[in-house]
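Throughout the sequence shown, residue numbering follows UniProt numbering, covering 1 to 599 in sequence.
It should be emphasised that the hints constitute simulated quantities derived from the structure, not laboratory data. No experiment lies behind these values; they were computed from the predicted model shown. Wrong hints could be hidden among the right ones.
[Said to hold, decoys possible] Derived DEER-like restraints, expressed as beta-carbon distance ranges:
#, residue 1, residue 2, range
1, Gly-371, Tyr-241, 42 to 48 Å
2, Arg-207, Arg-164, 56 to 62 Å
3, Gln-489, Glu-112, 51 to 57 Å
4, Thr-549, Thr-80, 45 to 51 Å
[As the list claims (entries may be wrong)] Restricting the straight-line Cα-Cα distance to at most 27 Å, the calculated cross-link-like pairs of lysine-lysine (DSSO-like) are:
#, residue 1, residue 2
5, Lys-181, Lys-264
6, Lys-77, Lys-360
7, Lys-332, Lys-322
8, Lys-322, Lys-264
9, Lys-527, Lys-587
10, Lys-79, Lys-359
11, Lys-186, Lys-237
12, Lys-235, Lys-359
13, Lys-190, Lys-111
14, Lys-499, Lys-359
15, Lys-162, Lys-149
16, Lys-264, Lys-240
17, Lys-550, Lys-533
18, Lys-279, Lys-264
19, Lys-509, Lys-522
20, Lys-527, Lys-499
21, Lys-360, Lys-235
22, Lys-533, Lys-77
23, Lys-522, Lys-587
24, Lys-45, Lys-77
25, Lys-279, Lys-237
26, Lys-266, Lys-240
27, Lys-111, Lys-181
28, Lys-527, Lys-550
29, Lys-235, Lys-190
30, Lys-561, Lys-550
31, Lys-114, Lys-485
32, Lys-587, Lys-509
33, Lys-271, Lys-235
34, Lys-162, Lys-240
35, Lys-237, Lys-271
36, Lys-79, Lys-516
37, Lys-149, Lys-485
In this text, a Cβ means the ideal position worked out from N, Cα and C, and glycines have one as well.
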Amino acid sequence: MNAGDLDFEFSEEEDDDVSDGTISDLDSGSDSEEESCSSAAFVGKNGRRWCNLPDDESPTTMDFDSSNVGPAPHCRKMKTPRDVFLAFLSPEIIDEIVVCTNLYGTGRYGKEWKAVTTNEILSFIAILIAAGRNHQNHVNVNDMWTSNKNWRINFYHHALAKNRFKEIFICLRTDDVRTRKSRFLKSGDKLEPIRNIFDVFVANCQRNYVPPKVLTVDERLCLFRGRVSFRVYIKSKPGKYGIKIWVCATETGYIIFCQVYTGKSKDGPEKGQGMRVVKDLVAPYLNTGREVTADNLFSSVELAEYLYREQTAYTGTMRANKADIPPEFTAKQNRQPGSFLQGFNGSKSLTSFYERKGKKPVVLISTKRFGEPTAGCKAPVVQYYNQTKGFVDAGDQQTRHTTVSRRSRQWPKKLLCEIIDMSTLNANIIFREADNRNRLRKGIVPLNPGFAGGRSEFLRILSEELAVDHIRDRLRAGHLPEELKNEMQSFVADFDSRKICSVCVKIAKEVCSVCKALMCAKHFQVKNFVLCKTCAELGAAPLQTYEKTKSCRCAMCSKRKVSRTNQRCDKCGLHACQNCSVDRSFKFCEECASNIRTI
């Protein structure tokens with residue numbers, strides 16, 4: 001490759017790994033962030049003064065309203081993975097893809113092009129998701145649609161024909177290519193080919209979820225080695241080359257806001273880029289008492305001061321070349337391993353942690369007040385940073401393992417695949433958290449955060465739900481090989497008869513005797529009851545049990561032969577002897593089982 005062919009930018013980044021947090025209260029008090037210390041212990045290169053003790057005024061705490069944290073109300077009502085997924089890849093996005101793909105397909109193939117439909121695009125996306133789940137996103141299409149029954153995955157054959165999949169992937173577009181150049185000349189937006197879709201997706205991410213108190217800002221890399229003016233090289237990322245996306249994420253990895261880095265402008269490198277990115281990403285959540293964590297790529301004293309004025313706490317590492325840092329904080333000489341230095345300036349605190357010999361001291365800035373450090377332990381600010389810095393990486397790791405991205409020289413397709421990956425990530429998190437929220441509200445122990453069935457099971461169910469409508473369309477159209485037709489009919493029949501557990505996405509085999517909710521083998525309970533013969537004939541499940549009492553006359557026996565018994569019917573509460581009662585077992589969902597009371 002010639003030097004002139006290189007078309008990317010280097011992204012120099014020092015990824016500090018400080019080792020492992022607890023957060024204290026956000027202080028709000030000083031009117032001036034430029035307060036100087038009468039007896040400065042440390043002085044930065046630019047003259048900024050840092051005291052060795054915090055202000056005498058005790059910091060106050062800004063209340064954070066956590067009552068609405070989690071999935072939005074309209075998302076909590078969604079019952080299937082498909083519904084939640086389409087809350088992110090919404091109908092506006094799907095319709096835009098359908099229209100633009102048909103425009104390009106008509107221009108490329110003319111009258112031979114068969115227009116794609118919404119169901120067909122959803123089936124195409126289902127194949128991408130299934131291939132990513134099966135780690136076949138880079139497998140040759142011919143191998144995916146192999147006729148060898150020992151190796152093939154029938155789902156691909158059912159969802160789309162091989163040649164049709166190739167055609168759609170070739171013609172897949174996210175904008176009208178005929179007007180792309182004129183639109184770019186008018187707006188100057190390098191992201192013009194996918195701007196409409198990307199903005200709708202970001203808006204959906206914010207509308208569908210209310211983030212918790214702590215947010216993390218970091219970057220993720222959409223792997224791409226083709227030609228694009230804003231390709232970057234990041235040596236610390238897997239794949240190293242690609243399109244950089246700034247991301248604001250929550251503890252679970254949910255992507256609440258993102259922004260694509262589109263390279264340098266005509267005027268040269270952007271000044272204060274880190275501060276601008278953080279301000280953009282957290283702008284909707286300022287003045288709400290939230291806390292932001294970021295690494296040294298974004299941190300600065302000016303950013304910490306700005307967020308503090310907006311009632312938002314900030315914690316992050318700082319690069320050693322910042323002029324605000326005193327020389328003592330970056331020096332290794334005369335420092336004991338595990339030692340730290342602290343300086344205070346108004347609402348800001350600066351901490352230098354020297355972990356061990358051979359490593360540079362790590363400097364952190366924070367607008368939070370933490371407890372006094374314990375001898376032999378890391379400073380609380382270091383522990384807090386290590387607990388909160390990896391939220392973006394947690395989500396990136398999940399999507400990278402099951403990515404839908406396929407080889408392509410067109411960067412808009414790569415970004416579209418990245419949007420699908422982020423949609424599956426957010427949909428999985430909402431599907432899990434919405435169920436846990438409902439369970440807590442009903443007084444039931446929530447599911448493990450790992451989610452029953454896991455991400456792999458979620459993707460399997462999602463791909464089948466997205467493809468089943470187009471499979472029905474193919475069956476109605478006919479002209480299919482008899483063997484394939486029988487397989488598809490069997491798939492549809494199995495899908496229609498399949499009942500999904502109301503708790504997880506596994507197949508339901510049981511029904512609650514009270515609320516008729518569907519349950520898998522893991523999420524139902526069997527309870528035994530004593531019923532009189534009259535109640536037993538009615539078949540209704542009781543919601544209470546009676547303790548044994550003193551011996552009384554049986555209410556069911558005839559007057560000629562009366563037995564005495566201490567057991568009562570759990571349905572009507574009347575005494576019933578062994579001859580006049582039966583033992584019955586009923587199956588309950590966890591909610592109904594928790595409502596059974598003892599009288």
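To see whether the hints hold, each was checked on the structure:
1. Between Gly-371 and Tyr-241 the beta carbon distance is about 43 Å. The supplied range of 42 to 48 Å therefore holds.
2. The supplied range of 56 to 62 Å is broken by Arg-207 and Arg-164, whose beta-carbon atoms lie about 34 Å from each other.
3. Restraint check, Gln-489 to Glu-112: a C-beta distance of roughly 29 Å breaks the suggested window 51 to 57 Å.
4. Remark: the range hint 45 to 51 Å for Thr-549 to Thr-80 is upheld by a beta-carbon distance near 48 Å.
5. Note on Lys-181 and Lys-264: the hinted pairing holds, with a Cα-Cα distance of about 20 Å set against a maximum of 27 Å.
6. Under the criterion of a C-alpha separation no larger than 27 Å, the hint pairing Lys-77 with Lys-360 is inconsistent with the structure, at around 51 Å.
7. Proposed proximity of Lys-332 and Lys-322 is supported: the alpha carbons are some 17 Å apart, at most 27 Å.
8. A hinted pair counts as satisfied when its Cα atoms are at most 27 Å apart, and Lys-322 with Lys-264 qualifies at roughly 22 Å.
9. Our distance criterion of 27 Å between C-alpha atoms is met by Lys-527 and Lys-587, whose separation comes to about 7 Å.
10. In summary, the hint linking Lys-79 to Lys-359 is not supported, as the alpha carbons are separated by about 51 Å, beyond the 27 Å threshold.
11. Only pairs whose Cα atoms come within 27 Å are accepted, and Lys-186 paired with Lys-237 is rejected, the gap being roughly 35 Å.
12. Between the alpha carbons of Lys-235 and Lys-359 the distance comes to roughly 19 Å, so the proposed pair stays at or under 27 Å and holds.
13. As the CA atoms of Lys-190 and Lys-111 are separated by approximately 32 Å, the hinted pair breaks the 27 Å bound.
14. For the given pair, Lys-499 sits about 57 Å from Lys-359 by alpha-carbon distance, which is inconsistent with the 27 Å threshold.
15. Pair hint Lys-162 plus Lys-149 holds up; C-alpha atoms about 16 Å apart against a cutoff of 27 Å.
16. A hinted pair counts as satisfied when its Cα atoms are at most 27 Å apart, and Lys-264 with Lys-240 qualifies at roughly 19 Å.
17. Restraint check: the Cα-Cα separation between Lys-550 and Lys-533 comes to about 21 Å, which is no more than 27 Å; the hinted pair holds.
18. Between Lys-279 and Lys-264, the direct Cα distance comes to roughly 19 Å. Compliance with the 27 Å bound is thereby established for this hinted pair.
19. At roughly 10 Å between alpha-carbon atoms, Lys-509 and Lys-522 fall within 27 Å of each other, so this suggested pair holds.
20. Our distance criterion of 27 Å between C-alpha atoms is met by Lys-527 and Lys-499, whose separation comes to about 23 Å.
21. The hinted pair formed by Lys-360 and Lys-235 meets the criterion: a straight-line CA distance of about 20 Å does not exceed 27 Å.
22. Taken as a hint, the Lys-533 and Lys-77 pair is broken in the structure, with Cα atoms around 40 Å apart against an allowance of 27 Å.
23. Of the supplied pair hints, the one linking Lys-522 and Lys-587 holds, its CA atoms being roughly 12 Å apart against a limit of 27 Å.
24. The hinted pair formed by Lys-45 and Lys-77 fails the criterion: a straight-line CA distance of about 56 Å is larger than 27 Å.
25. In summary, the hint linking Lys-279 to Lys-237 is supported, as the alpha carbons are separated by about 24 Å, within the 27 Å threshold.
26. With a C-alpha separation of about 25 Å, the suggested pair Lys-266 and Lys-240 falls inside the 27 Å cut-off, and the hint holds.
27. With a C-alpha separation of about 26 Å, the suggested pairing of Lys-111 with Lys-181 holds against the 27 Å cut-off.
28. At roughly 24 Å between alpha-carbon atoms, Lys-527 and Lys-550 fall within 27 Å of each other, so this suggested pair holds.
29. Straight-line distance between C-alpha atoms of Lys-235 and Lys-190 comes to about 24 Å, which keeps the hinted pair within the 27 Å bound.
30. The straight-line distance between the Cα atoms of Lys-561 and Lys-550 is roughly 20 Å, inside the 27 Å bound, and the hint therefore holds.
31. For the given pair, Lys-114 sits about 21 Å from Lys-485 by alpha-carbon distance, which is consistent with the 27 Å threshold.
32. Using a Cα cut-off of 27 Å, the hinted pair Lys-587 and Lys-509 holds, with the two alpha carbons roughly 11 Å apart.
33. Under the criterion of a C-alpha separation no larger than 27 Å, the hint pairing Lys-271 with Lys-235 is consistent with the structure, at around 23 Å.
34. A C-alpha spacing of about 32 Å is found between Lys-162 and Lys-240, which places the hinted pair above 27 Å, so the restraint is violated.
35. Only pairs whose Cα atoms come within 27 Å are accepted, and Lys-237 paired with Lys-271 is accepted, the gap being roughly 24 Å.
36. For the hint pairing Lys-79 with Lys-516, the CA-to-CA distance comes to about 15 Å; that is within 27 Å, so the pair holds.
37. Using a Cα cut-off of 27 Å, the hinted pair Lys-149 and Lys-485 holds, with the two alpha carbons roughly 16 Å apart.
Checked against the numbered hints given earlier, the structure breaks hints 2, 3, 6, 10, 11, 13, 14, 22, 24, 34 and satisfies all the rest.
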